[in-house]
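Chemist: Here are the chains, one letter per residue:
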Amino acid sequence: MAQSTAAPTPTTPAITPLPVRALVPWAVFFGVLMLVLLYFVGAEQGATALVSGEGVHEWVHDARHLLGFPCH
Amino acid sequence: MNSTVVRTLLVRGMLAGLGAGVLAFVFAYLVGEGPVDAAIAFEEAGSHEHGEELVSRSVQSTAGLATGVLVFGVAIGGILALAFCFALGRIGRFGARATAGLTALGGFLTVYLVPILKYPANPPAVGDPDTIDKRTALFVLMIALSVLLAIGAVLLGRRLAPAWGNWNASTAAAVAFVAAVAVAMVALPAGDNTPKGFPATDLWEFRLASLGVQAVLWAGFGLLFGYLAERVLEPERAHGKVSAVVA
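First to last, the protein sequences are chains A and B.
Just so we're aligned: 113 in this note's numbering is position 56 of the first sequence, and the numbers increase by one with no gaps anywhere.
Just so we're aligned: 123 in this note's numbering is position 18 of the second sequence, and the numbers increase by one with no gaps anywhere.
Please keep in mind that the hints were generated in silico from the structure rather than gathered at the bench.
By construction, the Cβ of each residue, glycine as well, lies at the ideal position given by its N, Cα and C atoms.
Some hints could be false.
One-sided and incomplete, this derived list gives chain A residues near chain B with beta-carbon spacing under 7 Å [stated by the list, open to error]:
no., residue
1, THR73
2, ALA84
3, PHE87
4, SER109
5, TRP116
6, HIS129
The shape of chain A in the complex, shown without the other chains:
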């Protein structure tokens, strides 16, 4: 809103922000789901383990290294 007062002749029609109320349910549910996915790619059977064994770690091994996560 700070910027919207600056231009008397706007060259771009301003986009109306999406209301936070419409965003929250999606953000909470999918935000958590996406973080769980990141956890399985980045840290499962490394620092902590929800599933026993080494299968997940070994399967995503190369991706974990190349994406920059500490792997072992």
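We have chain A already, so just place chain B on it with the hints.
Modeler: Frame of chain A; chain B shown alone:
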């Protein structure tokens, strides 16, 4: 209505993340596997204890690599789509495509580039397995700090903008971000422990490949998602019915 827009953008974000993941996988396979193999060769030359292979190298470097990178792409795509929905119309007078590009750039800087300056990506053989807990926690902490400080910097810039103008306010916010990140980096403990004799060239090439994988992923996402989001939010623009400048 608005909820439907969010849902559509979320789905498109995850699809764009999947597409970007495919590009990043191709890059990782072509450029990243060489340095990984070199590091594994070093590891095996040095250590005698090596258990049976659970997943073969040929699977790790293809299906395994693809799984990890694609899942990462989808997850990042979903989170960035949500961040985009919030940023849209709130960070200045940017259209859908520019907002998508800026969201992706901000994500790349705060989630990858800044954290790895402190805790760089390490190939196999680099890193003591006994400290994996601590290193993972520090890496996640560094990402969280970097993201939070960046959000703080954006808020600061918005607050300063009316009095200072956009350019000066943005510069001040960027300087504040760099200074705060520097303090965090100095305060956090060091994380590196490269074994003696590990070839410096291999380490450099691995880290450069890792940077490339992430750069392809985030740039690919920003461009693909910008295209898809514009068709939802500004269909008249996407179909070329309005010229770039509406005076």
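Chemist: Run every hint past the structure and note whether it holds.
Modeler: Results for each hint:
At its closest, the beta carbon of THR73 (chain A) sits 6 Å from a beta carbon of chain B; the interface hint therefore holds under the 7 Å criterion. Checking ALA84 (chain A) against chain B: minimum C-beta separation of about 5 Å stays under 7 Å; hint holds. The criterion of a C-beta within 7 Å of any C-beta in chain B is met by PHE87 (chain A), whose closest approach is roughly 5 Å, and the hint holds. A cut of 7 Å between beta carbons decides the hint on SER109 (chain A): the least distance to chain B is about 13 Å, and the hint is violated.
For TRP116 (chain A), the suggested interface contact is upheld, since its CB lies about 5 Å from the closest CB of chain B, less than 7 Å. Residue-level restraint check for HIS129 (chain A) holds (minimum Cβ-Cβ distance to chain B is 5 Å; threshold 7 Å).
Consistency with the previously given hints fails for number 4 only.
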